[in-house]
Amino acid sequence: MYEIIEGFVEAARLIVTLDPDVMAIAARSIVISLTATILATLLAIPLGAAINFGTFPGRKSLINLIQTLYSLPTVIVGLLIFLLISRVGPFGSLRLLFTPTAMVIAQTVLILPIMTGLTISALSGVDPVVRDTLYSLGATRLQFLVNIMKEARFAILATVAVGFGRAISEVGAAILVGGNIAASSFGSSTRVLTTAISLETSMGNIPESIALGIILLAIALGVNLAITTVQHR
Amino acid sequence: MYEIIEGFVEAARLIVTLDPDVMAIAARSIVISLTATILATLLAIPLGAAINFGTFPGRKSLINLIQTLYSLPTVIVGLLIFLLISRVGPFGSLRLLFTPTAMVIAQTVLILPIMTGLTISALSGVDPVVRDTLYSLGATRLQFLVNIMKEARFAILATVAVGFGRAISEVGAAILVGGNIAASSFGSSTRVLTTAISLETSMGNIPESIALGIILLAIALGVNLAITTVQHR
Amino acid sequence: MIELENVSKRFDDKTVLDGVTARIGRGEIFAVIGPSGAGKSTLLRLVDLLDSPSGGTIRIDGIDIHAERERSLSIRRMMGMVFQKPAAFNTTVAENIAVGLRFRGAGESVIQKKVEDALDMVGLAGYGEQRARTLSGGEMQRVALARAMVIEPEILLMDEPTANLDPVSVEKIEELVLQINRDHGTTIVISTHDMYQGQRLAHRIGVLMNGGFAQVGSPREVFTLPANQDVARFVGTENVVEGVVVAAEFGSSVVDVGGVRVRARSSFSQGEEVCLCIRSEDIRIAPAAGARGLRGGNILPGTVASISPRGPFSRVTVDCGFPLSSVLSWKVVDDLEIRKGSPVSASFTAESVHVVRATRN
Amino acid sequence: MIELENVSKRFDDKTVLDGVTARIGRGEIFAVIGPSGAGKSTLLRLVDLLDSPSGGTIRIDGIDIHAERERSLSIRRMMGMVFQKPAAFNTTVAENIAVGLRFRGAGESVIQKKVEDALDMVGLAGYGEQRARTLSGGEMQRVALARAMVIEPEILLMDEPTANLDPVSVEKIEELVLQINRDHGTTIVISTHDMYQGQRLAHRIGVLMNGGFAQVGSPREVFTLPANQDVARFVGTENVVEGVVVAAEFGSSVVDVGGVRVRARSSFSQGEEVCLCIRSEDIRIAPAAGARGLRGGNILPGTVASISPRGPFSRVTVDCGFPLSSVLSWKVVDDLEIRKGSPVSASFTAESVHVVRATRN
Amino acid sequence: TTSDPTPAEKQQLRIATTTSLYDTKLLERLTPIFEEQYNAEVLIVSAGTGKAIEYGQNGDVDVLMVHDRAREDAFLADGYGVNRRVFAYNYFVVVGPESDPAGIKGLQPEAAFTAIRETGMTDGSDVVFVSRGDASGTHSKEKAIWKAAGFNYSADVQGSGDWYQEAGTGMGATLAMANEKQAYTLSDIGTYLAYKGDLDLVTLVDEGDILLNIYCAMQINPEKYSDTNSTVAKDWVNFMISEDVQKEIASFGVDQYGQPLFYAARNDWEKIGVPQAEVKDPIP
Ligand SMILES: Nc1ncnc2c1ncn2[C@@H]1O[C@H](COP(=O)(O)OP(=O)(O)OP(=O)(O)O)[C@@H](O)[C@H]1O
Ligand SMILES: Nc1ncnc2c1ncn2[C@@H]1O[C@H](COP(=O)(O)OP(=O)(O)OP(=O)(O)O)[C@@H](O)[C@H]1O
Ligand SMILES: [Mg+2]
Ligand SMILES: [Mg+2]
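Chains as they are written, first to last, in the working numbering: chain E, 1 to 233; chain A, 1001 to 1233; chain S, 2001 to 2361; chain U, 3001 to 3361; chain W, 4001 to 4284.
Treat the hints as calculated values from the structure; they're not laboratory data. Any given hint could turn out to be false.
[Stated by the list, open to error] Below 25 Å or equal to it, Euclidean Cα-Cα: the simulated DSS-like pairs (lysine-lysine) are: (1) A:Lys-1150 / U:Lys-3085; (2) S:Lys-2085 / E:Lys-150; (3) W:Lys-4271 / W:Lys-4247; (4) U:Lys-3331 / S:Lys-2331; (5) E:Lys-150 / U:Lys-3331; (6) A:Lys-1150 / S:Lys-2114; (7) S:Lys-2085 / S:Lys-2172; (8) E:Lys-150 / A:Lys-1060; (9) W:Lys-4025 / W:Lys-4196.
[What the hints assert, rightly or not] Not the full set, but computed from the structure, chain E residues with beta-carbon under 7 Å of chain W: (10) Arg-87; (11) Ser-93; (12) Leu-94; (13) Thr-101; (14) Ile-181; (15) Met-203; (16) Gly-204.
[Stated by the list, open to error] Computed footprint of chain U on chain E, listed as stretches where at least three residues anywhere in the stretch have a Cβ under 8 Å from a Cβ of chain U: (17) 73-83; (18) 103-111.
All C-beta atoms, glycine included, are put in the ideal place defined by N, C-alpha and C.
Build out the structure end to end from the sequences listed, making use of the hints.
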């Protein structure tokens, strides 16, 4: 229990002293997870809209499949991406393994199903008359999408919050494709908050782990405040 | 890439031969994660309803906090629970550490924020007139809750799907408080699919990892089929 | 039974209700009429405990319903409400109607029977198994009525319950409302924009305007003796004209309306600015030549300014210095060969002129 | 402009429209009336491309709109629709109205101007910044009208646009509709359950019943010469009675109605089962004693069965072997001292009896 | 005109290592020195032994550092690795509760294991042995001890009762678990020392040849993966056995734990039974 208090003290110290290592790790976490969240959002919204408003055979099965993929363990995502980008894999020549790019890809893949699924759920909650009104006012596909998003913005942004939360908190894929490398240059390093937490934990440094966890939550709080601001507009 | 095919073959073999070790692990995964999902649902629904329909100071901040906790890394949850239930922790005398019960607790804590948050989002999507109609028809609190759930069932069950997905796919907390123990009796073991996948991966046994991943997804598919059946009723 | 005492309701900086006071008796049918946005729905919602007043008290059987939070369930269960835009629960029509009964723990067979009966009464027999979300506007309105009705509330609040219905269905629903009131002694508060509906159904009508009841009275009172010119216009008195009393004695007066003199019964004194309300059906139009003398009445010569259809009638507007409208059947219009520009005379008695004090808007 | 050819629509196993055929001309105002659930909304939705017909063709300017999928955007942009239960976008009133203009890429200043004007026209000036979700039922209906109107569509589809409005607002909106039609030549299809509205606004009325148009014609035709007894009842012909032709010659016939003989103009021959439609305003009620002779007409003695209010009139039903209703002003009822049970005579001309073939329901 | 001499582009060196080595932070001490000397950037990925070997097999790294002789031999034999050099060694320890219910203190490792098993299998005993159970170098060693003690691992040990539990995780977690359950376990000395402060476990057996733990570094075969950074890889391996670094290794951890975590391999090749070339000869 004492370690929790120690964790808070340590977190405060790290933040106050702007510990350069920790700042770099935190910055990397933000960049990678935000990028992944944005990418996944850009994919999930049109995809979710197409599935929600579309009528095609196998639609229900597709939704089922997507919901099933919520359970995709991060380690499996990491493994699959690893197999694809490892040097002997089909995309090996790109030398993406152990790079932040690989982590972005893995996190995007990881959160895409849940974001698509929740987008479908958000859109299915929009009053059908709103939908019809948009059509009848002569919306193009894009205008329709933008406006229906505005109507469902609370739920859509909740989806983004979920996606970001899952991306920044996951560790399995990050460690497998990123490697948790602490290199001397910012761009070559792949250590993010979660992988650092894992490492500290495995070394028995519990206060440090908790301190990093607190920093992670502080970042998440910031992102969520931004999201909520838009949500309630 | 070849490992993926091998993974499928291996998965088929394990399932067809009803490999007793794997079956036990899978069963444990289902029991633990379903229990956690049910517990979290039972907590999240009244909590989410109270927050959504309530009017109290700090309501928005509370929602913010809940959304922030979406980013709670599983390792941190694991650590906190670990500190609470380890022999020297405040609940040490219960000897819960490295038991399936501990895993259920950790997973419940892990998915509670996301389930509460999505419940709020689901309920906020219900037409206010539906709400008023229920009140005006003389619903008690419980009747109100039950009926509003029925109206929001699509989104509520999507929430359950998310919660279950997160529970069954997480590994950080499971390993920390469960320990991935393979003991000879079912009850003393705490090895579940994700921790087994991690182990296989760390041993470099990719086909086995993928096979276990496929089995995990098969389970998730089953659970989701059940959920969708209720959802579309 | 229901007492509204100085009830007010503000939304942010908009005051919708401002000192609404009324008493509605047990077993009474009370109609709230008023322009769009007057606060009719807001008032009903306050009575049904769906919203809290910003000020004032609402009492039912003497109990301040907004003060007694722990009794709100039992108070709410006394009432049934039909919303203006009813919402369908996402299930079958029958289940939608059954909800209130289920809340009260009714048995399955009772529920089934009552639901069937209710469907029948609102003219939707056979719709029980349809999904409620697919109903047409009018069908849903009737389901909402059935839903509120089956719980046999002591007080039935209805917010424009026939707004989306055709006349044949309206008639059926109105009969049903009267029957419920008659058979169960249900107190009914109905908001409506159809004044004739108010008249057909209500014992008393309250005209909600500018935040309060401008007039509360029997339908006949409201229609023939509107309290002010706003009410007069609102209840469809076609002719509302302003003037000044130029002579007055023995409850009789002469009013100058833009140069034309009109006799009326009233107790206003000379010099007062007044408003004359004359119902179009009290005005006779005759060819200019054949105007018969009318003792103590008014005969105003003029020319026909316009003729427009109004149901099975025509509305003829005559310019006699100021416009005066009358309603004639098509046949009479044809018979008298009334056309736009025809010289005619408009006549009406002094008694048919209702005089109110002029109010500035 | 709009051609409906044998249009049908089934939902699951329920056939709502079944062979609807009509042509609506450019610049015409066409009213669709019909009982609740007849398929009025369904029909408008099919025209607005919001739903696909199960059969038949809908053409606009000769183009089969449901066949040309790639042109659906431009076809949709020709039309504006006001929904029966309009939905508010979760933003301000002004933004709600601006949406269609934004879709068409209008400039900010143009948008602002048009929105202001539109708000003014529907009587909601000053409501621009209010959140649309907080509007009252009638206010929202007017916003929906403004929203469809600002895009100046060639075709305006309106689904019961005044259902939730008070008479004063209705009048304003009706004037606006007429003005739009007059100034822009907009083709307008309006569904309404208010038949008098159909009459006030429409060039032609289509009566939708049992899956198709039972009658399409000018308002006067529909009201005075209903095509069958269902239409007659629906358009408010109070007196619809069945009988058998017992004598017929030279376009004139005598019909036996339960033993009472009624003269009517018709070309049905002896023995045919017919239905007599007599509008209540064509029936005169006189005290039994003072009934004047009516050449070639009908004078039926009877007793007053009931008197009920009907707006500023009273509806008096006389039992003359079969019930006959007439509408009298309150004054006349008082003057003639008509009470329930009074012996009276009801008289009407043979011309005012509209005879249609009896149909079995 | 003068042109700036463009500095030679930094070479990246990717190393896969086992977690137990990585967690001691020895490499963290050494990499800055190497980066400075060779103008290189060192990227270290730590993973379970199996996973680390897989990285090597795939050519995702340039250097592999593990401590499992048998599997290293196979790796070399399959042609994935070349130029193995041994840079350090230490000893595993058997740790357990101070009460030592199986009475193994001071025994030889084989005897100690036998005692744990015997007591563990008697009814009502609370003796537990927690195994890494993750095919790591430590786990391999444990299996070797069971074998040396005369047991068939899968038949006599694994699954023979609740006394034997496989943690299937890293060393740290395994120690935590042993601590929680007041159980015995086999640990590398580095991790044990790092965790010692939080543990009630004490060292019970730390002598016996079989406890020897040898760390090596090797190059990934450049003939198999032509674009590995073979030069820097070579530099790294040579760096690890260089005299300066060997000294560094021998003193690493003394200031923190009061005892070294590793012994330098350079002069002890006979004692640890590896060819002299593997500790002394730089890769040409
Ligand atoms: N939350 C709110 N914020 C601001 N204004 C509101 C809010 N709710 C209602 N109003 C305003 O209060 C007024 C009264 O609304 P109400 O719904 O009671 O009118 P109504 O008499 O029922 O009208 P209608 O006949 O059109 O249904 C309207 O002008 C409406 O815009
Ligand atoms: N999806 C559906 N499934 C089954 N029946 C449907 C569906 N949609 C509409 N209907 C039925 O079709 C009929 C016509 O509906 P529509 O909304 O067109 O009626 P309407 O003429 O507009 O009636 P109202 O005047 O009440 O608005 C109704 O009886 C309705 O119940
Ligand atoms: Mg209202
Ligand atoms: Mg409709």
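| query | Are Lys-4025 of chain W and Lys-4196 of chain W close enough, with their CA atoms no more than 25 Å apart? | reply | Given pair Lys-4025 of chain W, Lys-4196 of chain W holds - Cα atoms ~16 Å apart, limit 25 Å.
| query | Given the hinted pair Lys-2085 of chain S and Lys-2172 of chain S, is their alpha-carbon gap at most 25 Å? | reply | holds, 20 Å
| query | Does the CB of Arg-87 of chain E sit less than 7 Å away from some CB of chain W? | reply | holds, 5 Å
| Regarding the hint that Thr-101 of chain E lies at the interface with chain W, is the smallest CB-CB distance below 7 Å? | This hint is violated: Thr-101 of chain E lies away from chain W, its Cβ roughly 14 Å from the closest one there, beyond 7 Å.
| request: Grab the minimum C-beta distance from Gly-204 of chain E to chain W and call the hint holds if it beats 7 Å, violated otherwise. | output: Cβ of Gly-204 of chain E sits 5 Å from chain W, so the hint holds.
| Within the segment 73-83 of chain E, is the number of residues with a Cβ closer than 8 Å to a Cβ of chain U three or more? | Contact hint for the segment 73-83 of chain E vs chain U: violated, 0 residues under 8 Å.
| query | Would you say the segment 103-111 of chain E counts as covered by chain U, given the rule of at least 3 residues with C-beta under 8 Å? | reply | violated (count 0)
| query | Should the hint that Met-203 of chain E touches chain W count as held when the rule is a Cβ pair under 7 Å? | reply | Nearest chain W Cβ about 5 Å off; hint holds.
| task | For the hint on Ser-93 of chain E, just tell me whether its beta-carbon gets within less than 7 Å of chain W. | result | violated, 9 Å
| said: Tell me if the straight-line CA distance from Lys-150 of chain E to Lys-1060 of chain A falls inside 25 Å. | reply: holds, 20 Å
| query | Is it true that the CA of Lys-4271 of chain W sits at most 25 Å from the CA of Lys-4247 of chain W? | reply | holds, 18 Å
| Would the stated hint for Leu-94 of chain E survive a check requiring a Cβ distance to chain W of less than 7 Å? | Since the shortest Cβ distance to chain W is 13 Å, the answer is violated.
Comparing the model with each earlier hint shows violations of hints 5, 11, 12, 13, 17 and 18; every other hint is respected.
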